[in-house]
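Start from the sequences and build out the full structure, keeping to the hints where you can.
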Amino acid sequence: MQTKTHISARDLTVSYGEQQALNHISIDIPDKKITAIIGPSGCGKTTLLKSFNRLLDLQDGVRVAGQVLVDGENIYDPGVEKTHLRKRMGLLSQRPTVLPMSIYDNVVYGLRIHGVKDKKILDQAVERYLQEANLWSEVKDRLHSSATRLSIGQQQRLCLARGLAVEPEIILGDEPTSALDPVSAEQIEQRFLVLKNQYTIVLVTHILRQAKRLADYVIFLYLGNLIEHGPAEQVLNNPRYAKTQAYIEGKFIEEPTIHKEITLQKERSADYLTSTLLALDELQVDQVLKVVVDSEPTMNEISKAVELKCHKILEVKRIDLLHWEIIIQKQNVNFII
Amino acid sequence: MGKLWGKSFDKRKIEENIFKGLMVFSMLVVLGSLGFILVTVFAKGFKALSWEMLTQGPQGGYYIGKGGGILNAILGSLILGIGATFLAFLFSFPIAFYLNLYLKKKSRLAFLIRFSLDILWGVPSIVYGAFGFTLMLFWGIPASLFAGMLTIALLILPIMTRSIDEVLKMIPLELKEAALSLGSTRWEIATKVILRQASSGILTGVLMAFGRGISDAAAVLFTAGFTDSLPYSLFKPVATLPLSIFFQLGTPFPEVQARGYASALVLTVIVLVLSIVSRLLSKRFTRHIIK
Ligand SMILES: Nc1ncnc2c1ncn2[C@@H]1O[C@H](COP(=O)(O)OP(=O)(O)OP(=O)(O)O)[C@@H](O)[C@H]1O
Ligand SMILES: [Mg+2]
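First to last, the protein sequences are chains A and B.
Counted the way this note's numbering counts, the first sequence spans residues 1 to 337.
Counted the way this note's numbering counts, the second sequence spans residues 1 to 291.
Some hints here could point you the wrong way.
Now the stretches of chain A that chain B is said to cover, found in silico as 3 or more residues with beta-carbon under 8 Å [unchecked claim]:
id	stretch
1	109-119
2	159-171
3	233-241
4	272-285
Taking lysine-lysine pairs in the BS3-like style, the calculated list, with each CA pair at most 25 Å apart, reads [unchecked claim]:
id	chain 1	residue 1	chain 2	residue 2
5	A	119	B	192
6	B	176	A	117
7	A	260	A	212
8	A	117	B	105
9	B	105	B	192
These are calculated hints, taken from the structure and not from any lab test.
Predicted model only: the values in this text are computed from it and were never measured.
Each residue gets a CB set at the ideal place from its N, CA and C atoms; glycine is no exception.
Spelled out as structure tokens, the structure:
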């Protein structure tokens with residue numbers, strides 16, 4: 001896939017006090033595509049999304065390490081103007097939150113604070129964005145009544161309209177259809193498919209089928225670790241790693257039992273490939289080997305070599321700044337040869 | 001089995017009943033004292049209350065003449081109370097916003113500010129009076145409306161700030177996030193979003209502080225002074241209702257004491273009307289609020 005990268009995370013680590021929510025995440029999110037973040041509840045999806053527009057800064061005890069680059073610029077640099085940054089990203093939060101004002105005022109809130117006063121422009125914007133969010137027909141007769149009286153699903157669409165009205169470059173949606181019935185959800189999904197021509201869209205979703213319908217690119221997180229990411233086709237239909245497979249098949253995600261563990265340091269064990277294969281030889285079929293290495297090229301090489309020998313790589317994980325681990329399950333190689 | 005179950009159930013039921021009884025009792029104590037105060041003030045003050053009392057200044061020095069009224073104190077108290085509330089608001093509003101929008105929940109500075117305010121809240125009002133008086137001596141300011149206003153403003157500042165602060169603390173994080181992600185600055189959030197969401201709570205806090213300010217005697221004793229004339233200058237002494245009650249009740253004459261109760265009635269009614277008005281207003285304000 002040859003596309004421009006819009007947002008990228010580099011070694012992004014986020015912790016809430018003691019609790020580490022994201023663990024050395026490095027990903028590139030393509031421009032003008034839909035990227036879906038999937039993973040079980042509590043795996044850090046919302047945290048990842050909020051780290052993109054620096055909303056995490058609001059909370060106590062949150063520590064962010066690493067970088068997030070938007071158009072190549074690190075948004076965690078001290079000089080970054082957060083207000084501008086946030087304006088470029090429309091966030092639809094997991095729980096729809098309307099502002100304490102009328103429906104009309106909600107939609108034009110962003111326009112007003114950015115200086116639009118002309119009543120005609122505002123009126124047009126309200127109609128246009130409510131249409132885009134599929135809410136216009138339901139509320140057009142009560143635009144000036146309080147937004148808090150809307151149903152949750154309507155509030156969710158109002159938040160979408162409000163976010164679009166700011167004309168962001170990026171839409172960050174945290175389960176944007178969670179409160180909608182299938183028909184409305186489908187309509188919103190259609191919208192996203194149109195919107196992706198103009199916007200980079202990052203969606204968190206629990207619904208795998210929604211990810212299949214919408215996503216060009218998928219990120220799978222598990223317990224704060226980036227397990228797998230890549231083109232939607234590949235991740236959803238043909239996942240590489242065991243945990244992704246389990247999640248996509250709706251199975252319980254298990255930590256593999258490690259039968260043997262070796263640590264390879266670049267300078268000391270020059271022949272790391274041999275060491276790995278030797279270690280595998282000592283295991284029985286289906287037993288699991290964990291290899292800890294201290295450089296990314298080494299990790300890649302070992303993975304490739306092991307796969308060539310038809311062993312199965314269950315997981316590749318970055319554990320900290322300097323270490324990667326590869327979890328390998330021994331297969332019945334002789335049989336294949 | 002059945003018996004055992006019944007026993008433990010009985011015990012729980014008794015606990016529940018004891019607790020219920022306690023709650024009812026405490027409620028009765030609160031309502032009872034309120035009722036008792038109102039009845040006393042009404043019974044003793046209503047007879048002496050007259051049109052004349054509400055519309056004239058006192059005749060005969062410091063209310064002892066038994067004639068005239070307490071208009072000087074009513075006006076004095078209202079002006080002093082409103083002025084002090086306004087002054088206090090000018091400071092407490094920004095402090096409360098700073099605490100909630102600029103500082104994090106667990107920040108040390110926020111803790112320190114809240115802690116100091118809580119201590120200030122607990123300082124007896126006579127100490128504020130003495131403090132104001134010391135400053136006045138230092139700067140050579142005589143007892144005056146202005147000095148009284150400043151002292152009362154100081155007295156109610158912690159009350160107002162902390163009650164606004166508590167209201168702002170209740171604002172959900174999601175609301176701030178939603179407004180921030182539309183590109184608002186914190187100031188815009190404060191004035192356009194939070195002020196609406198919290199307006200009724202803020203109003204209640206302000207009126208509560210006003211009620212406290214208008215009914216305090218000790219803080220104005222040395223600072224605002226007392227006089228028979230209606231308030232006419234910021235830099236002249238001013239009469240206040242609490243002090244007029246104090247002086248009138250302190251005389252040996254039953255008629256003047258009755259007038260003291262009438263003054264107390266006036267003050268009570270002012271405070272009561274205020275709280276009712278604040279209730280009514282807050283209903284209007286809560287129209288758009290997220291619950
Ligand atoms: N404010 C917080 N303080 C402490 N821990 C937090 C906080 N917010 C999130 N966490 C923890 O961080 C982890 C990731 O949370 P996050 O909200 O990102 O999960 P999620 O993937 O969005 O889950 P869900 O699908 O349920 O929304 C969780 O273990 C959660 O308990
Ligand atoms: Mg979430």
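Okay, the hints, checked on the actual structure:
1. With a threshold of 8 Å between beta carbons, the proposed coverage of the stretch 109-119 of chain A by chain B holds, since 4 of its residues qualify and at least three are required.
2. Only when three residues or more bring their CB closer than 8 Å to a CB of chain B does the claim for the stretch 159-171 of chain A stand; here the count is 4, and the claim holds.
3. Coverage of the stretch 233-241 of chain A by chain B is violated in this model, with 0 residues showing a Cβ closer than 8 Å to a Cβ of that chain against a need of three.
4. For the stretch 272-285 of chain A, the stated coverage by chain B is violated: 0 residues have a C-beta nearer than 8 Å to a C-beta of that chain, whereas at least 3 were required.
5. Between residue 119 of chain A and residue 192 of chain B the alpha-carbon distance is near 18 Å, which keeps this suggested pair within the 25 Å criterion.
6. Only pairs whose Cα atoms come within 25 Å are accepted, and residue 176 of chain B paired with residue 117 of chain A is accepted, the gap being roughly 23 Å.
7. At most 25 Å may separate the alpha-carbon atoms for a hinted pair to count; residue 260 of chain A and residue 212 of chain A exceed this at roughly 37 Å.
8. At most 25 Å may separate the alpha-carbon atoms for a hinted pair to count; residue 117 of chain A and residue 105 of chain B exceed this at roughly 35 Å.
9. About 22 Å separates the Cα atoms of residue 105 of chain B and residue 192 of chain B, which keeps this hinted pair within 25 Å; it holds.
Hint compliance for this structure: hints 3, 4, 7, 8 are not met, and every other hint is.
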